[in-house]
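For this one, chain A is given, so just place chain B on it according to the hints.
Given next are the chains, with one letter for each unit.
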Amino acid sequence: MDEQTPPTEPQSPPPDPPPQRRLERSSTDRMLTGVCGGIAKYLGVDATIVRIVAVGLTFLGGAGALLYLAALLLMPEEGQPGPGRLPGLSGGEGGRTQALTALAVIAIVAIAFAGLAIIGAVVGWILFPIAFLVVAGLFAWWIASGERPAGSPTEILKRAGLGIGLLLICLALAAGGAWAAAAGSGAVGAALVIGAGAVLVVAAFARPARWLIMPALSLALAAAFVMATGITLDGGVGQREYRPTTANDVRDKYELGIGELVVDLREAHLPPGDRHIELDLGVGHAVVLVPEDVCVATDADIGVGAVDSFDSENGGIDVEHDDARTAPAGTPRVILKGDLGVGMLDVHHNVRHDSPGDWGDHREYNSFDDGGNDACVGGEARAHGGGGRNG
Amino acid sequence: MVATARRPDVPTLVAGLALLVLGGLLLLDSQDAIELRLGALAPIACAAVGAILLASGLSRRD
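Chains A and B, in that order, are what the protein sequence lines are. First residue of the first sequence: 9, per our numbering; consecutive thereafter. First residue of the second sequence: 1035, per our numbering; consecutive thereafter.
Hints should not be assumed to be uniformly reliable.
To be verified - Just the calculated beta-carbon pair ranges, DEER-fashion: (1) B:1084 with A:256: 52 to 62 Å; (2) B:1081 with A:319: 37 to 47 Å; (3) B:1088 with A:328: 30 to 40 Å; (4) A:319 with B:1092: 35 to 45 Å; (5) B:1058 with A:153: 46 to 56 Å.
Unchecked claim - Partial selection, computed: residues in chain B whose CB lies under 8 Å from chain A: (6) 1045; (7) 1049; (8) 1050; (9) 1051; (10) 1053; (11) 1060; (12) 1064; (13) 1068; (14) 1070; (15) 1072; (16) 1073; (17) 1079; (18) 1088; (19) 1092; (20) 1094.
Keep in mind the hints are simulated off the structure, nothing from the lab. We treat Cβ as the ideally placed atom computed from N, Cα and C, and that holds for glycine.
The following block holds chain A by itself, in its conformation from the complex (with noise of 0.2 Å):
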């Protein structure tokens, strides 16, 4: 019995394995160098978006140029087999030799952007407020005792020293006369001036001292101008938000010492008929938010600030902003008295929270929508002291 081997069919050669993917430059598709045509070959996208993020990382901090760099001199031409060429390297140690040159250049640069950096650091938040540290106490002690800033360096910055010591006492004073004022009586405040004067009518007969003048000068001014802008502390420092949701619950008066004082009658549902509504501030923003239905009279004095109700403005020193306005039979009113010393009110319908600062429970009161105050019938803003605008 025969055995037969079985017929073999002549085998087809092996395919030929895929060419291997190279990270090289362009020799066709180049703007500088073929570097972002190489690239985008290389990922298979459009080589104008590796162009735009190139740019783009250049302008972010300058990373773009140094892998930019990076990649010229690590890259090989297209069709080459080593890396990229420097001008004047060549040679079988060319390769390494370069890669090197370029690591080398890489980190030389890096240094460099961090030296700039470090640099500019330390001469925009050390060296330079130093100096007019330096600079201001040398003036202030010229001031205040006529001693010019000469001599040696030590006689000069003992008397910057001087100067900035003087300084800081006239800031502590300045701060504590205007928290004397503002916390007691219009009296203190008056009583504090006056004692700082009597003080310097006395120190000039018994003993010259002009370097008390301006210690005495800060801490005067400073109470002198919290009593003539009327800021008070009253009602405490912080955030304030008031929502009644009804008729009774709208207090007669709301008063904050420092911050932002918010005042929503939106779901007050007043009744027909005036509602009497004072508002006081020392320092901050002032919200008055009312539904479209509600007239509002508005009747504010401000020491340094501005009022913006509805589609009228005012702004300025001494600023007295009179919106007397009437409202037709069985519509409700707001009489709003405010007296602000330094800071803004608004008086609106509706507060956007859409916009950017908003963030978790915290409401920004900064963008208004401009309604009218369309349920009142007459009349007219009058503004004093001020600059702005009526509707």
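Structure of chain B alone, referenced to chain A:
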């Protein structure tokens, strides 16, 4: 031995008197005798500082 009266330091005296006047105005304002606003206070304060600087400059010339 003759005792001589000591001359006051003029800039310090001017500053003290200016503050006494300013304090008096603020006291009147706090008692509602006058109404002192920032628009009136600012020129008064500037005048006081100017008087002090003037006195200081003149006294250095002596």
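Hints and how they fare:
1. Look at residue 1084 of chain B against residue 256 of chain A: about 56 Å separates their beta carbons, and that is inside 52 to 62 Å.
2. Look at residue 1081 of chain B against residue 319 of chain A: about 40 Å separates their beta carbons, and that is inside 37 to 47 Å.
3. A hinted range of 30 to 40 Å for the beta carbons of residue 1088 of chain B and residue 328 of chain A is consistent with their spacing of about 34 Å.
4. Restraint check, residue 319 of chain A to residue 1092 of chain B: a C-beta distance of roughly 55 Å breaks the suggested window 35 to 45 Å.
5. One distance hint, 46 to 56 Å for the beta-carbon pair residue 1058 of chain B and residue 153 of chain A, is violated here, with the actual separation near 29 Å.
6. Against a cut-off of 8 Å between C-beta atoms, the interface hint on residue 1045 of chain B holds, since the closest Cβ of chain A lies about 6 Å away.
7. Hint status for residue 1049 of chain B relative to chain A: holds, with the closest Cβ pair at about 5 Å, below 8 Å.
8. For residue 1050 of chain B, the shortest C-beta to C-beta distance to chain A is roughly 3 Å, which falls under 8 Å, so the interface hint holds.
9. The closest approach between the C-beta of residue 1051 of chain B and any C-beta of chain A is roughly 7 Å, which is under the 8 Å cut-off, so the hint is satisfied.
10. Restraint check, residue 1053 of chain B versus chain A: the minimum CB separation of about 3 Å is within 8 Å; hint holds.
11. Taking 8 Å as the C-beta contact cut-off toward chain A, the hint placing residue 1060 of chain B at the interface holds, the least distance being around 4 Å.
12. With a cut of 8 Å, the hint placing residue 1064 of chain B at the interface with chain A holds, because the nearest CB-to-CB distance is about 3 Å.
13. With a cut of 8 Å, the hint placing residue 1068 of chain B at the interface with chain A is violated, because the nearest CB-to-CB distance is about 12 Å.
14. Nearest Cβ of chain A to the Cβ of residue 1070 of chain B: about 6 Å, under the 8 Å cut. The hint holds.
15. Interface restraint check: residue 1072 of chain B against chain A, minimum CB-CB distance 4 Å, threshold 8 Å, status holds.
16. Taking 8 Å as the C-beta cut-off, the interface hint given for residue 1073 of chain B holds, the closest approach to chain A being about 4 Å.
17. Because the smallest distance between the Cβ of residue 1079 of chain B and any Cβ of chain A comes to about 6 Å, under 8 Å, the interface hint for this residue holds.
18. Contact between residue 1088 of chain B and chain A, as hinted, is not supported at the beta carbon level, the nearest pair being about 13 Å apart and thus beyond 8 Å.
19. With a cut of 8 Å, the hint placing residue 1092 of chain B at the interface with chain A is violated, because the nearest CB-to-CB distance is about 12 Å.
20. The beta carbon of residue 1094 of chain B is positioned within 8 Å of a beta carbon in chain A (closest approach about 6 Å), and the interface hint is therefore held.
The structure shown violates the earlier hints numbered 4, 5, 13, 18 and 19.
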